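Trainee: These are the residues of each chain, in order.
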Amino acid sequence: MLSRVADSLYWMSRYIERAEHTARLIAVKLDSMVEQTQEDAAASWARVTQALTGEIGTPHADAFVITKRLAFDRDNENSMVASLALARDNARQVREALSNEVWENLNRLYLRLAPVTMDSIWVHTPARLFREALEEMHALEGVTYSTLSHGEGWYFLELGRHIERVQQLGRILDVHFSAAHNGSAAPKYFDWLVLLKFCTAFEPYTKQYTASIRPQKIAEFLLFDSEFPHSICFSVDRMTEALERVAPGAPPARRAAVERLAGRLKAAVDFGQVDELMSGGVAAFIADITKQCEQIHKALYSSYITYGAETVL
Amino acid sequence: MQTLHMQHEVFANTEDFGGPDIVAGPGRVSRPGVDAPYVNYELGKPYDEMFSRDGKARLPYAAMDQRLSTLPLEELNRRQQACEQSFLHQGITFTVYSDNRATERIIPTDLLPRIVTAKEWDRIERGLTQRIHALNLFLRDIYTDGRVLKDGVLPRSMIYGSKHYRREMRGLPVPHGAYVNICGSDLIRNEAGDFVVLEDNLRVPSGVSYMLANRDVARRAFPGVFRAMGVRPIEHYPLELLATLRSLTPFHEDVSIAILTPGVFNSAYFEHAFLARQMGVELVEGRDLLVNDNVVYTRTTSGLKRIDVIYRRIDDDFIDPLIFRSDSSLGVPGLFNAYRAGNVIIANALGTGVADDKAVYAYVPRLIRYYLAEEPILDNVETFLCREEKSLQHVLANLDKLVVKAVGESGGYGMLVGPHASQKERDEFAEKLKADPENYIAQPTIQLSTAPTFVGNGIEARHVDLRPFILHGAETKLVPGALTRVALKRGSLVVNSSQGGGSKDTWVLSQ
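Residue numbers (the numbering used here), protein chains in the order written: chain A, 237 to 549; chain B, 15 to 525.
Don't read these hints as lab results, they were simulated from the structure.
Predicted model, so just to flag it, every value in this text is computed and none were measured.
Treat the hints with care, since some could be wrong.
Label pairs and their calculated CB-CB ranges [claimed, not checked]: (1) B:ASP268 x A:SER356: 53 to 59 Å; (2) A:GLU439 x B:THR109: 57 to 63 Å; (3) B:THR109 x A:SER538: 32 to 38 Å; (4) B:GLU118 x A:VAL270: 58 to 64 Å.
Part of the chain A face toward chain B, derived, beta carbon under 10 Å [said to hold, decoys possible]: (5) GLN329; (6) ALA493; (7) ARG496; (8) LEU549.
Ideal Cβ positions, reconstructed from N, Cα and C, are used throughout, including at glycine.
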């Protein structure tokens, strides 16, 4: 596979994952805010803003303003629509590596969302648009799974998706557990419930732990459950598998650099213990995992994509 | 389930699948200029593809006429919209920038097919095959012995002075002597109803993906008529293109082929990606390729991979900054040397542009006689070479009816449009002509035939041309189809998509 194509597939997938995560956070927040006091809702919006943009949110900012910025603002390159635009730009550059169905689903989704304005959705039921966008993103994921060969290109998509997912999961967990630890606007029972919904984890969690909502169990589930697709452990397993499958013909020395990092990350997650992590350790653990993902990203690029031609001639 | 069913309905009413209503015969007869949907259909001086001069539908269009006179306009509109949606979703679009906003527009498509009979196609096919043979022999000649110049068939200065002549190609052998492997000639139909060649596009012709995309939507819009009429298939074009590219190397099966594109911002990018997908070959940009020791490689995740054949969609000037334009970042440094060393095949070969400029065009009928000792099967648009005394006198006497062009110029420079010029302008131009007749050619004002085109509230006549695609490697092949370009503005003769042109499907009948 061309290195440039691998690069575009990887980023296309990362941007789709980012858009999906953003859409879900907004949809859940728009639905849940009506059950909260104004103060609690503001604190919760601030956590969402911080997780998605890294900005410390202004607690009294209006839901309209925040949604507009996170969903539609083209100047915010992480907004849902900007992410989809970038995903589509990348897809367009590798159309020959995608199935028609993948391209057309992504293209249709973008063309549908691009002209949407806040004013047009805010007067009725704003959450609906985001729920529908999520449905279409899930459909896109299904179409990708079922129409694209599960070869090297597919595994670059998997890598993009799961590296991005680990980062996003890490941030949303971090803003909740850090606040719980340092006590500033500490999350309440309802906020923990919403956190599970942010990660599509509410029902899977209750199946495992019943409906008793406890931060320690939530951390255990979202960090270490190996079967749930939106857990760190699950994504790390997918990443490790994908890393074994890409660049099959690359020389062993270049493969080793990537595989060593992947093995270390997998060990950290496989042998992590939640009781060691509470009392402030969750944030440190997430910071470590995130850093390791960044190292894998860099090694992936220097081994397979941006390597100097003189090193292989 | 319901949704799937509904989608199907958009494209095909059940009656469209071959009921009695599509068989030509006595029934409702529509007259252009009188009956719906042809109320505004003008029959003028140009040849009309569908209606003869007396307003009757020509035989090949009878079934389509029957179908159209029974389809309500709303239904036509629905089908047209389905075509446009399909283009939009496939990304067959170009971008228009205004007010800092980029809007994507589809390349316009018209759902009414243009029909070419088996007999007409047979002549086109033989004529274009003959033409590409002569042009390739001509290119080989001027890049080797120059026999045609020694024999005085055309002047040396015309070739060696051409900016498309590539000295670097002199004496370089090309496989099968085939310089032009992919050609898209523009034909028009004159008032007498004969197809004539307007232009040979021998460099990097585009449009073949639109031919295939148009087929997809037109077949869905008129499935019944399509089936009943015996339209010849064109879907094997990518396979034929692949076979042509393979035939350029001795390795045939085990050969690594890439399409070289300028990138995603090129207006024909959709086509480059489309062909790569359909053929199953790599789509590469200049930055994906590198040359080491005169061998061309692509950078892959597993390492470097050798490339044997490049179907390039980049002009000569931009292909190798070391040899041609040094400010080009689209090409690959060292590519030409790899080519010269015989380590990579480039299709089309470099330097083919010299054979498709205005001046050489006028000589193509003579080149056919010279190289093949045959009479041309397809004529040129009538062209007068002012360097010849008899033609010069004719041109001077008929300046008010002719378009005179300077051979070395393009884009409308040095040109006189006789019918639209003042007497003073004509007199002045006559002096220039007399002073330097070798520099000028003249043609009658070109008429394009008209074809039925859906315009929203009815069907009207619009001007069309025809671009078939010719493949030439070890063998010469045409798929029986073409891109019909249509000038969507009433009365306009400009079929280019950048200026209000669109395209439509072309149905070549099996008999």
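Trainee: For each hint, tell me whether it holds in the structure or not.
Mentor: Hints and how they fare:
1. B:ASP268 x A:SER356: 53 to 59 Å: Taking Cβ atoms as reference, ASP268 of chain B and SER356 of chain A lie about 57 Å apart, which means the hint holds.
2. A:GLU439 x B:THR109: 57 to 63 Å: violated, 44 Å
3. B:THR109 x A:SER538: 32 to 38 Å: holds, 34 Å
4. B:GLU118 x A:VAL270: 58 to 64 Å: The hint (58 to 64 Å, Cβ to Cβ) is violated, given that GLU118 of chain B and VAL270 of chain A are roughly 37 Å apart.
5. GLN329: Status holds, d = 5 Å.
6. ALA493: violated, 14 Å
7. ARG496: violated, 18 Å
8. LEU549: This hint holds: LEU549 of chain A lies near chain B, its Cβ roughly 5 Å from the closest one there, short of 10 Å.
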